[in-house]
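Enquirer: Chains as they are written, first to last, in this note's numbering: chain A, 1040 to 1368; chain B, 178 to 676; chain C, 82 to 407; chain D, 9 to 316.
Any given hint might turn out to be false.
[What the hints assert, rightly or not] For lysine-lysine, the following DSS-like pairs were computed, each having C-alpha atoms within a straight-line distance of at most 25 Å:
hint	chain 1	residue 1	chain 2	residue 2
1	A	K1187	D	K70
2	A	K1187	D	K174
3	D	K56	D	K308
4	D	K107	D	K287
5	B	K546	C	K265
6	D	K234	D	K308
Simulated from the structure, these hints should not be mistaken for laboratory data.
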Amino acid sequence: MTALTTRLPARFLPVLATVVLFVITFGAGSLRYDGFASGQVIANLFIDNAFLIVLAAGMTFVILSGGIDLSVGSVVALSTMVTAAGLRAGWPVPLVIIAVLLIGSTLGLLMGVVIHKFDIQPFIVTLAGMFLARGLCFLISVESVSIKDATFREVATAVIELPGGVTITYNVVIALLVVLAALYVLHRTRFGRTVYAVGGNEQSALLMGLPTARTKVGVYVISGFCSALAGLLFSLYMLSGYGLHAVGMELDAIAAVVIGGTLLAGGLGYVLGSLAGVLVLGTIQTLISFQGTLSSWWTKIVIGALLLVFIAVQRGMIRGRRRQAAVAS
Amino acid sequence: MRGISLAFPGVKALQDVDFRLFPGEVHALMGENGAGKSTLIKTLTGVHTPDSGSVLLAGESVAFSSPGQAQQAGISTVYQEVNLCANLTVAENILLGREPRRFGGIDFPAMRKRAAEVLARIGVHIDPASVLETHPIAVQQLVAIARAIAVDCRVLVLDEPTSSLDAGEVAELFRIMRVLRDEGVAILFVSHFLDQVYEISDRMTVLRNGTLVGEHLTSELDRRDLISKMIGRELGALEAIEDASERHSVSGPVLVRAEGLGRRGAIAPFDLDIRAGEVVGLAGLLGSGRTELARLLFGADRADSGRLIVDGTPLHLRGPRSAIAAGIAFCSEDRKGEGLVADLSIRDNLVLAMQAARGWSRPVSRKVKDSLVEKYLTALDIRPANPDALVRTLSGGNQQKVLLARWLVTEPRLLILDEPTRGIDIGAKAQIQQLVTTLAAEGTAVLFISAELEEVVRIADRIVVLRDRHKIAELDGGSTIDEVVELIAGDPVPEEVAS
Amino acid sequence: MKNRLLWPILALVALLLLNLVVTPSFFALRIQDGHLYGGLVDVLKNGAPTLLIAIGMTLVIATRGIDLSVGAVAAIAAAVTCVHIGTSPDAGTALAGMAIALVLCAALGLWNGFLVAGLGIQPIIATLVLMTAGRGIAMLVTEGQIITVNNDAYRQVGAGFVVLPVSILISLAVLGLVALTTRKTALGMLIEAVGVNPEASRLAGVRSRTIIWTVYVFAAVCAGIAGLMISSNVSAADANSNGLWIEMDAILAVVIGGTSLAGGRYSLTGTLLGSLIIQTLTTTVYTIGVAAEVTLVFKAVVVITVCLIQSPKARAALSFRKVAVS
Amino acid sequence: ACGSGSGGAGSGTGNGSSGDTITMGFAQVGAESGWRTANTKSIQDEAKAAGIDLKFSDAQQKQENQIKAIRSYIQQKVDVIAFSPVVETGWDTVLLEAKRANIPVILTDRAIDSDDTSLYKTFLGSDFVEEGRKAGDWLVQNVNGPTNVVELQGTTGAAPAIDRKKGFEEKIAAKPDIKVVASQTGDFTRSGGKQVMEAFLKSQPKIDVVYAHNDDMGLGAIEAIKAAGKVPGKDIKIITVDAVKDGMTALANGEINFIVECNPLLGKQLMELAKKVVKGEEVPARVVTVEGTFTQEQAKAALPQRQY
Ligand SMILES: Nc1ncnc2c1ncn2[C@@H]1O[C@H](COP(=O)(O)OP(=O)(O)OP(=O)(O)O)[C@@H](O)[C@H]1O
Ligand SMILES: Nc1ncnc2c1ncn2[C@@H]1O[C@H](COP(=O)(O)OP(=O)(O)OP(=O)(O)O)[C@@H](O)[C@H]1O
Ligand SMILES: [Mg+2]
Ligand SMILES: [Mg+2]
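Next comes chain A alone, as it looks inside the complex:
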């Protein structure tokens, strides 16, 4: 057996395991609940999590490089706030979009520069970024601001008909495009491979003459950009800006990435895994709302338990498969 067939799948295993698990859970849900096995439920999974997909894609870059970005949730909130406030003030839509993306990327850039130049741990810097972004929301307005702009509303409510009567929103299309772009950048460009190298061993990457500085700052810019974009999608989803939007969403994004098999220490993982991770979290949510009889606390316990089942089974699958691979070679 050649090394190619035994080795590469081993690295893809976590992703594969997540996808397989996702399919199994979905199957289980379909058997258990009426109306679960419809195309629209799957479509809703994407519609309801489009912003999270974008966030997770950005977060994948950061985690692959060995860092972490806690600011994403707040940047989403800030983006919704800027969008809503900007539109309320009568800015044209394109200007709002550009402003939001610029703010997100700039915040990312600032954090990246501080992390890299001053050698401060990403955890603190991005936590400060988290405070700052949310603080800025409240400076703009403490109250929630609704979006009344006609163009925005149109895009938000527009649906794309898929065969079989299933509908999706433009958000889904954008999210999937982001995933594709992330795939391309991570796997087909020097920057992407350097992200993996830095995450694998920063010192070595430096000695190999790779542009580690640019890469380390770059991942935070990407994450900032993705957060801002996710914020725009969130604005479309909610049609409002609010300082308390997306509280704790950074944890969802990190969880999705890690469930997708990415190593928190960096250097190993795939965007597709993160996508699968988001879908897993979304499915857990969907299962719970279909169940419909859980009290608030049982909801939490069941979410935790399902999460556990996911990661434990995933772990088991990876271990079992590794053993088989070892035996086969």
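Using the hints, position chains B, C and D with the ligands against chain A.
Expert: Frame of chain A, contents of chains B, C and D with the ligands only:
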């Protein structure tokens, strides 16, 4: 490089060192462990910024602020420890940063093809799409070399590239170095193997304790002079070792016996007896399974067949702990990854194994610690002799000594040494060899693995030969190198030899 | 070592001085009903739970781990104890309740340890399970209600005084104990070894799994005690808000204290300073009257300034500029 | 399972899956306070009593989860959807979907900020601004001379916090003697309230009144005041909102001076409304829950019957 000085906290690594490197020459940088060779190289390539002094490249003053810049200026470097990204593929490790592109993206098929070509140039045939960490450290070293020669460079820096390579690989490397030299590339070469240095270099610069001793043409400096320049005194110790290595056949009780021990994909089932007081050498080519054999004996990997008998009773190896408890010690060849705990001090690294065996609640007392540290710092001449220095800051050779000392501290009954002399200077190497002989005389069994066949033959009482992950023969200590080489490289069909 | 802690100390002092400037009475101490009363005392008292959790977190982080579940565990401890106490004013009932709660916390720590060391799941996700489910468990225990108790013995843990607040005395005692155990035994060194290079440690015969297991249990017990302090301070268990986001504060304290999230070498003194800095920051916000909507921006600015002050690189850059200007 | 697609024109019984029992989807915000838990319990109990099949989901304090839940109710074709929008914005898209699917919507707690009032049938709930006003009124009537007030705000940005502040300020503006000297968020929790109050006690030379946006923060403040050697309710007057049992007890004991009620028990009213809405009957666009205020004497009387 002119008047280079560089100080780390507490250590003056370089003091006013001048160094010249000409196109079309192989220039050996010589010195004991910790003399400052690697540091000088890192100053050249922009890893460290010198406190004073200047670097001139083709007459122009340069100041690289990162290795990337040095690379762009045509300086290609293999650093001492394998500095690659183990999580990437072999091809990426070789070509990342100058990968072939197509439509703006990396062209992977072309990249794999290029990588395979470069690897073939140095005689390595591995799948370029495989992940680097699946390969043993020696292969990783070859990949690092491949990376360095994959580009057209003006200056090629090789910091102990041969420390875990065997003779065949080294010959390949030298062939290429000669080709490059003839093309006008300036090559800087560091090695503790004097034979290699004399074989390949045209000129050498000697460092001692961070200061320049002198620059000489290789042809004008004989070995004795070189050594005395390096260690700063007349050699005598060295000769003592050459004699100390008389062999004897040991007929004591069997200490460790392996019966049909094996692991699929790693090493075929083998039998092996090791007696107390015996030095058993393992010989074989790269990838012949020596390390795997050793790991099985230590329980670092779990065997899937056979059993291990210690002192006549079967030992159920559940992991390194049970091996250590049975008096087995294993000094790994991968000191960075599997050996040392880089961010701990010399002291902590020294007592780690001993402490682990005692459990956390029974600390080794400060007094015992200090006396142990004291003893081994002097016995192995570890520098700097500051027990609180972080192991990460030690020179490669000194790290190796710390690792060795860690296991000596546990007073093992069977000491497995996998490439213990890797990256160690000639004086220290002699010391270690002597140490092995002494230990054996005191009744310790030693399993000795080294890529340097000569060394194995010199100190082993018995030599076990491996090929293609099979044990194919056992020779007694009187054998000559030629006999071993014949077995190692010899017939392509192992069965014939074995029968 | 001393040098490393100098800057966090300076940051703390600067923050305290800021309070003094805005509120001149901030440093004032007086004896009130036989115990010390004043702004500084509040900082110590309210910082005690974070400090305690941060101590446990330090050890977890030193092994390259992280424990997100501490907040939930704190909530569970509070809930179990308060439900056990109910309306009883007995000291015995309170003690029994606390004992039960802490045993339960140890079990939860074992669970985390099992996921991390036993199954080999990444710590952040392994403890995320308990972070989510744990709060649910706490609410299950209290049935979503805030359980108010009226028990003097229990009140002592978080609101009591023996000259100084009992809670800070407990935290400092634990800190001392941990410092002593890790320094006087080999535990500290082994923890660091496991954190820096797990594989090398395994090959050196270190029982890395047992060690990892131990630190998670310890962190959970610390979280449990902290939960008791928090709830005892207001004599009520609120499953939903007890210890909410305290894991972030604790991690921040550890990191500000100079311990790297990448594992390995840790500093307990650093953690102490980190916790004090964070609590002082919170108290400062209240005392100097930062408007609620500016609070977060203020915190962000302070946190980043503290870190810049500590970063040798940032100081180098700054002093370089000064030299260049002058 | 029956109405396969055709379920169309004019059938007055709605589009539920089974003929007579009504299925209601209720998207709760979370269980962030005792108040909310009481609210949930009332809805669950009353649904059972009214024979309504309740699908309940807890959004863990996240609006997007609430939206997801509503979307899944639409998917499951429930007969009526009810939810408590904690924020007034951000509901248009999903409610439009509900409207398209012909599922009537009832808001509880709070209205939404939408120009399109056809998105929901009615809304049932308290008025947070009004609560703030009641608190302000009481203060204006019950103090004389210069009065320093400290305010313990709810979670920054949360609607009750904003509105209770707004209503309160509106009323006290009438009396320039009353000044809010410090205002900080205590996150609606007891420990938050206690910590903030401790700090206020040190930084403010004179505090006459505490206005807390909920009972819990008020209870925390009481602890802090006691620790400072002062008497809550006497040295420092306390006004809170909610009237949960613990708060009422403190009020009855004289440690709180005035509580504005915010009634969580709207299950019964909700179920009645739901039945009407499903039948297609007209309902008023706004149903206000019955809410009062409590002084210390009233609290003593009301306490024994307090359920939550
Ligand atoms: N990062 C560092 N921090 C502190 N001291 C260092 C650091 N790097 C190297 N040193 C010290 O500098 C001296 C020179 O080390 P260097 O690695 O250059 O030796 P070397 O000649 O390459 O030795 P070897 O043959 O063992 O590789 C040693 O004393 C070493 O301990
Ligand atoms: N020159 C080479 N070309 C291709 N593969 C090699 C080469 N050298 C080693 N390998 C690989 O090395 C692996 C086995 O390494 P192992 O650690 O058993 O070797 P070893 O005998 O201990 O040698 P050493 O310790 O000197 O590296 C196999 O995967 C083998 O394919
Ligand atoms: Mg060196
Ligand atoms: Mg080997």
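Enquirer: Run every hint past the structure and note whether it holds.
Expert: Do the hints match the structure? See the list:
1. A:K1187 - D:K70: holds (22 Å)
2. A:K1187 - D:K174: Distance ~24 Å between K1187 of chain A and K174 of chain D Cα, so the pair holds.
3. D:K56 - D:K308: Status violated; Cα separation ~32 Å.
4. D:K107 - D:K287: holds (16 Å)
5. B:K546 - C:K265: Judged against 25 Å, a Cα distance of about 13 Å means the pair holds.
6. D:K234 - D:K308: holds (22 Å)
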